[in-house]
Amino acid sequence: MFESRLLLALIVVVGVPLATIAYVWLVERLVGLLPDRTRDGIRPWLWVAPGILLLTGYLVYPTLNTLYLSFLDANSTEFVGLANYRHIFTDDSFITSLRNNALWLVFLTAFTVGFGLLFAILFDKVPYEAAAKALIFLPMAISFVAAGVIWKLMYDFQPPGRPQTGTLNAITTSLGGDPVAWLLNQPWNNFFLIIVGVWVWTGFALVILSAGLKGIPAEIIEAARVDGATEWQTLTRVTIPMMGSTIAVVATTMIIFALKAFDIVYVMTSGNFGTDVIANRMYEEMFNINHFGRAGAIAVILLLAIVPIMFFNIRRFREQEAMR
Amino acid sequence: MKSTQAMAMPRSESRTRPRTNRFLRRIPLHAIIVFLVLVWSVPTIGLLVSSFRPANLVTTTGWWTAFVPPWNFSLDLYREALTARGMGQSFVNSLFISIPATVIPIMIAAFAAYAFSWMRFPGRNILFVSVVGLLVVPLQTTLIPVLRLYNELGLTGTFTGIWLAHAAYGLPFAVYLLRNFFGTLPRDMLESAFLDGASPFTAFFYLALPLSVPAIASLAIFQFMWVWNDLLVALIYLGGAPNVAPMTVTIANMTNSLGGGWQVLTAAAFISMMLPLLVFFTLQRYFVRGILAGSVKG
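As given, the protein sequences belong to chains A and B, one line each in that order.
Taking my numbering, the leading residue of the first sequence gets 1, the next gets one more, and so forth.
Taking my numbering, the leading residue of the second sequence gets 325, the next gets one more, and so forth.
With the rest of the complex left out, here is chain B (with noise of 0.2 Å):
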């Protein structure tokens, strides 16, 4: 037990106080910590490793091995995936789809959760609701309706149609964020600025929308890999042609069809998550407040 004045004290204090025999009869927590953050690391170091290794290796010798002499690197694997497998097509479909997919949501989003939170209109409530309780409906029982109506309207395997997929599929999620968000912005600086006479437009674009920065950064971060990394929604409106393909839909047609040359597939992988990756370690701050303005209330 800690002696009562060291319970008194806050946490944080607390903490920083013995230092090196505290420390010691820590070592077990450091040691499971740092042993549980590997054991998660390992199959992320494991694709690392041997997308940089000559694809004979691959086959015959765990990507362990890489790290005894000799050291056999190589980058033949990233070349044919860009090349031969087309990665590098689709990677550039990846980012045409995700770009607008992530831009056309949040303004629609902003929009109606402004309304939501500060304009009063009959069954306004009832609205929100509904908009929240889409959230958990499953894409799956919207893909039949909305492909026959793609293939009559000629929207199948365009990049408007999947455009639009996604901003509707992502709706739900952005206007609960947004409409959150606008929820906590001082009631007092709104009212004051329509006493000034500010359109809603004016207190929309010049107060609500600066003041939500850390919001919708975190939610186009969220729809943005959403996006990238959705396979379902590709597969099905974008009818898997090659030209308009994103590197998910690629790589599952590579699982699919390489029988031997499945090695090619670790650099492939690896292209796909390099820009989710950049996208998360820059910006990570926001996830934490992003999900905090969504789902956890202080």
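Isolated chain A, as found in the complex (with noise of 0.2 Å):
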């Protein structure tokens, strides 16, 4: 069993290299064999066939599906309009999903920039940098799902009077209060959730927005200081204006993330205690409740949701390319 996945593994790990080599070596080949004029118009349309296939099967052709589904009864059988529409938006627990998500998108993104920005800052001002930094996206390496459990340890909560295991609880008691149950009192514990992923997007957002803070010339910062302008002046006049698209970046990548959040809310809760997300919603529908229809509406509406900023983003590319 071990050494044949072993052999497996070998297969890939070189096997796999050597065949996407030997495809474009064949292809050349080919190619080679054709009239001068058929060959350049054939031969990039072979170097991006690999990838173009991938995506149609993974990404387009699924969600062309999905659409399709979402007008289908629980077994795709049977077409039943909108009926799988109707029925999400007049369920609770997904318009709960809908609210917590809004609040994901809210406030994690809020405080992913923020923070990212403050510590860019600051950071930027002293030697060890490079330091500072690394231990705030040490988070990023770290899997939602173990992130659950080391934010357990941060959340524990016992009865009053009994020793306090949980680190929150354990500064709130030393302080005189008494211990909260951060993670089952509505609605709060959406942002103790919420907290969670900042503690581990912030890391993503520190390092790109240094990058742009980093890329701001450096005479543009002197010559404010020079007309007199104060620290605050220019950093709020000056290097934030400056990072504007930077900044934007980082604020699309964590709205994308916040509408996409599953993992957090599935470990740390399952989404009870209201704290569900859309995303969590579409897991129960599909493998708990066996609902395709449903599952695939409530995929729709996600996406729904998510192309507004594609097109943002598309926009924004097209910007950036024409600068080239």
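By construction, these hints were calculated from the structure, which means they are not laboratory data.
Mixed in with the good hints, there may be bad ones.
What the hints assert, rightly or not - Subject to a maximum C-alpha distance of 25 Å in a straight line, what follows is the list of computed SDA-like cross-link-like pairs (lysine to any residue):
#1 A/K214 <-> B/F445
#2 A/K125 <-> B/A541
#3 A/K214 <-> B/T606
#4 A/K214 <-> A/F317
#5 A/K214 <-> B/L353
#6 A/K214 <-> A/T234
#7 A/K125 <-> B/L348
#8 A/K125 <-> B/I356
#9 A/K214 <-> A/R237
#10 A/K125 <-> A/T236
#11 A/K125 <-> A/A211
#12 A/K125 <-> B/S365
#13 A/K125 <-> B/L360
#14 A/K125 <-> B/I357
#15 A/K125 <-> B/W364
Unchecked claim - Using C-beta positions, here's what the derived DEER-type ranges look like:
#16 B/A522 <-> A/Y61: 34 to 40 Å
#17 A/A248 <-> B/F397: 46 to 52 Å
#18 B/R472 <-> A/S93: 22 to 28 Å
Glycine included, every Cβ here is placed at the ideal spot set by N, Cα and C.
These two chains come separately, so use the hints to put the complex back together.
Here it is as structure tokens:
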């Protein structure tokens, strides 16, 4: 069993690169047989073909298919029109998950961008910048599942009078307060889940924002100072406006992550206690309720929420390309 | 206010100048930074300490009490996680899943990105923009149709199925990043190679790829961490069968099933973090450069 797997892994690790190289080599040989004019027309398509095929199979076709499934019943056998959508929008648990995703969207984005910007500016002033950045970025290397376990230790709750094992409750009780059931009290528990997301993603925001900060020409900052601007004025009127596009990149990325949030909620509360999110709702419909129509409809709604961001992204990308 | 002379100087020079005075004035800044970084690290430190404590103490006392005598440390939780809870098996599974799922998309994306940046064909830009647009398609939208297809083809619960899925999901980002990097390669160099009779095959393997090692390395790290840390894709396409489950799935199953024995999760979580942390600390320079190539243009 183990040996056969090892062999399989070896075949893939060595074999896949070889196979892809062989593919291009073969393509080149075949293309070489063609007359000059057709050759240059066909070659690029063969180079992009494997990628386009994978993307079509795993992203384009399934998305269209999901759209279609969302108009069918639980087993995808009968056409039910908009019934799935009607059901979802009258379902309290879905409305809750919509509200929660909105919370995720606003607060995850605001906090990751805010902290990222604050850290980028503060760390820029000290010589041990790299070390500080690494420690903030560290949670990015941790899976959401492990992060969930980590934060369980932070949020752990024991009834009053017992020794508290959760870090936050130990702090609360040592300050004379009562222990708090962080993950049970609605609607605040949503914020405590979002904090886990902030803890994980701030490092990502920090790294990009910091790169954007370094990209501002030093002369511009100096010119502002020479003109008598205070540290604060330089920051708010020169530095931050000049980082506009970088901030937009980070914010859009965070909005997308917020809409797709799944792992933290799944691991920490399974969506109970009013913490459900769209992605988890869909997982529930799919695997616990086995209603593919509704699951599909939820996925479509998620996609619709992301479409405006996609357009914004493409437009920004085109502008960037135009400047190349 | 600083003197005019100091202001006129580049930032790096003024930073090193009047040492002690400046240092004293900056103590609050250093204090704030150290405090913030410490706060950020507390959760991880808590996990690390807990995972080395005896199970009964983890449930009855806080992890910080480990720092005062009597020091009570043990490896029991690691022993239990690796043997009784199947983390050893899942660690191997995670490796089996992650390595090919990193190699495949990078090779395929590199070909496509090369064609997008150095070959001319009609519809090139529209096609490329569409690929970038796919970056934001939520995975959730694709799950049902792919799962049905997998059930028909018998790919559910197989490594092949999950390799291909991760490869496809990672492709938009990979193509985007590599295309950006290939686009910055000097045009003259490639053109003179073509004049000397180099084929696209040669130009790609002997010029473009070697010059793009930083971008490819950073992409590899990203894709590896992403696959290693993934829960949703593995949960759905592998179906949670223990013999193929990666660590994320095993841990998620533990969180759902362990009522009393959750302490072992601390060790399990730390085992699952070790490899990405190692990768992160040894290669962190590439992360910054990789992200830079992807999303920030100077």
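Going through the hints against the structure:
no. : hint                          : in the structure
1   : A/K214 <-> B/F445             : violated (37 Å)
2   : A/K125 <-> B/A541             : violated (29 Å)
3   : A/K214 <-> B/T606             : holds (23 Å)
4   : A/K214 <-> A/F317             : holds (21 Å)
5   : A/K214 <-> B/L353             : holds (19 Å)
6   : A/K214 <-> A/T234             : holds (15 Å)
7   : A/K125 <-> B/L348             : holds (14 Å)
8   : A/K125 <-> B/I356             : holds (12 Å)
9   : A/K214 <-> A/R237             : holds (17 Å)
10  : A/K125 <-> A/T236             : holds (16 Å)
11  : A/K125 <-> A/A211             : holds (14 Å)
12  : A/K125 <-> B/S365             : holds (21 Å)
13  : A/K125 <-> B/L360             : holds (15 Å)
14  : A/K125 <-> B/I357             : holds (10 Å)
15  : A/K125 <-> B/W364             : holds (19 Å)
16  : B/A522 <-> A/Y61: 34 to 40 Å  : holds (37 Å)
17  : A/A248 <-> B/F397: 46 to 52 Å : holds (48 Å)
18  : B/R472 <-> A/S93: 22 to 28 Å  : holds (25 Å)
In summary, the numbered hints that this structure violates are 1, 2.
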